[in-house]
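Colleague: With numbering that gives the first Met the number 0, the residue at position 302 of the sequence shown is 301, and numbering never jumps.
Hints are computed from structural coordinates only; laboratory data are not their basis.
Keep in mind that a hint or two might mislead.
Derived Cβ-Cβ restraints for the label pairs, each shown as a range [stated by the list, open to error]:
hint, residue 1, residue 2, range
1, Leu78, Pro164, 17 to 27 angstroms
2, Glu85, Ser7, 21 to 31 angstroms
3, Arg115, Ala169, 44 to 54 angstroms
Even for Gly, the Cβ is constructed at its ideal location relative to N, Cα and C.
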Amino acid sequence: MTLAYLPSPSQGVWYLGPLPIRAYALCIIAGIFVAVWLTGRRWAARGGNREDIADIAVWAVPFGLLGGRLYHVITDPELYFAAGKEPIRALYVWDGGLGIPGAVALGAVGAWLGCRRRGITLAQFADVAAPGLILAQAIGRWGNYFNQELYGGPTDLPWKLLIDPAHRPADSPDIAFYHPTFLYESLWNLGVLALLLWLDRRYRLRHGRLFACYVLAYSVGRAWIEALRIDHANHFLGLRLNDWVSAALFLGALCYLYATRHKGAGDDRPGDPASDAPQSGPDGPGDSRPTGSRPTGTESDDTRSPDAPPDTGAEPGPHDKAP
Numbered sequence: 000m001t002l003a004y005l006p007s008p009s010q011g012v013w014y015l016g017p018l019p020i021r022a023y024a025l026c027i028i029a030g031i032f033v034a035v036w037l038t039g040r041r042w043a044a045r046g047g048n049r050e051d052i053a054d055i056a057v058w059a060v061p062f063g064l065l066g067g068r069l070y071h072v073i074t075d076p077e078l079y080f081a082a083g084k085e086p087i088r089a090l091y092v093w094d095g096g097l098g099i100p101g102a103v104a105l106g107a108v109g110a111w112l113g114c115r116r117r118g119i120t121l122a123q124f125a126d127v128a129a130p131g132l133i134l135a136q137a138i139g140r141w142g143n144y145f146n147q148e149l150y151g152g153p154t155d156l157p158w159k160l161l162i163d164p165a166h167r168p169a170d171s172p173d174i175a176f177y178h179p180t181f182l183y184e185s186l187w188n189l190g191v192l193a194l195l196l197w198l199d200r201r202y203r204l205r206h207g208r209l210f211a212c213y214v215l216a217y218s219v220g221r222a223w224i225e226a227l228r229i230d231h232a233n234h235f236l237g238l239r240l241n242d243w244v245s246a247a248l249f250l251g252a253l254c255y256l257y258a259t260r261h262k263g264a265g266d267d268r269p270g271d272p273a274s275d276a277p278q279s280g281p282d283g284p285g286d287s288r289p290t291g292s293r294p295t296g297t298e299s300d301d302t303r304s305p306d307a308p309p310d311t312g313a314e315p316g317p318h319d320k321a322p
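Just need the whole structure built from these sequences, with the hints factored in.
Modeller: Dropping the structure here:
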């Protein structure tokens with residue numbers, strides 16, 4: 000008798016009349032809303048307008064969903080276009096199948112378009128959005144739980160996941176318990192979230208460097224979790240395609256961090272796309288002059304000639320004029 004295990008969900012779809020409400024979609028939507036909320040809060044803390052983030056999200060979210068689906072279909076085309084398959088199902092996003100690398104890549108294109116409209120650099124937005132993005136992934140992974148998909152190999156660990164017979168691999172229908180890789184990745188992502196928030200508070204990484212740390216940490220976790228999964232995947236040189244993508248992202252992020260190692264920390268205040276970190280002066284966030292400096296066009300006391308008479312502010316009299 001098995002005493003410790005994670006049960007399967009009793010159902011993943013509910014109906015409001017003829018309208019299906021899918022848990023997978025709810026998890027994705029919840030992740031998006033939480034990501035936008037957290038990103039807006041972080042942006043406002045730096046002096047920005049929350050409406051900036053909402054406007055950028057209008058562009059980034061549809062692009063991200065499209066990119067995630069395209070990545071899945073391109074890397075596993077036989078699921079939809081092989082003989083006997085239904086190509087129309089490539090459009091059924093609610094059935095599952097969103098690739099994180101594609102979602103982030105194309106979502107970045109949408110974010111860039113939104114950033115241009117609001118006068119924000121993509122690097123500024125990426126650093127602010129990185130914690131919200133990984134939190135959205137942690138929430139979205141629970142959609143795989145409700146779909147009973149993307150689990151790992153058989154296991155007898157206390158946290159093993161019970162998979163219903165209808166969702167088990169065809170070659171092992173009698174094996175009921177598997178690694179809950181959705182849970183592993185969700186917990187890993189929460190750990191990455193904590194790491195990013197700590198790095199941001201401790202080192203104030205800017206210029207896209209915090210986003211690079213997100214890519215670096217996520218790629219490491221995805222690599223070892225991918226090794227546990229037994230779902231269908233195409234391979235190249237003995238490794239799953241996602242392993243190669245994770246390796247490429249890891250190296251790319253590492254190279255970016257090395258190339259920008261001399262860039263200092265900054266405030267990342269809105270309104271200075273050139274530096275990503277305008278300094279706050281005595282006249283407010285928009286004034287980058289050092290404290291105590293005079294506005295342009297005013298003469299300092301130090302610039303007057305030592306032989307000049309003191310300036311009383313009065314007009315010179317007739318006897319004071321030079322001959």
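Colleague: Failing hints, ascending?
Modeller: none
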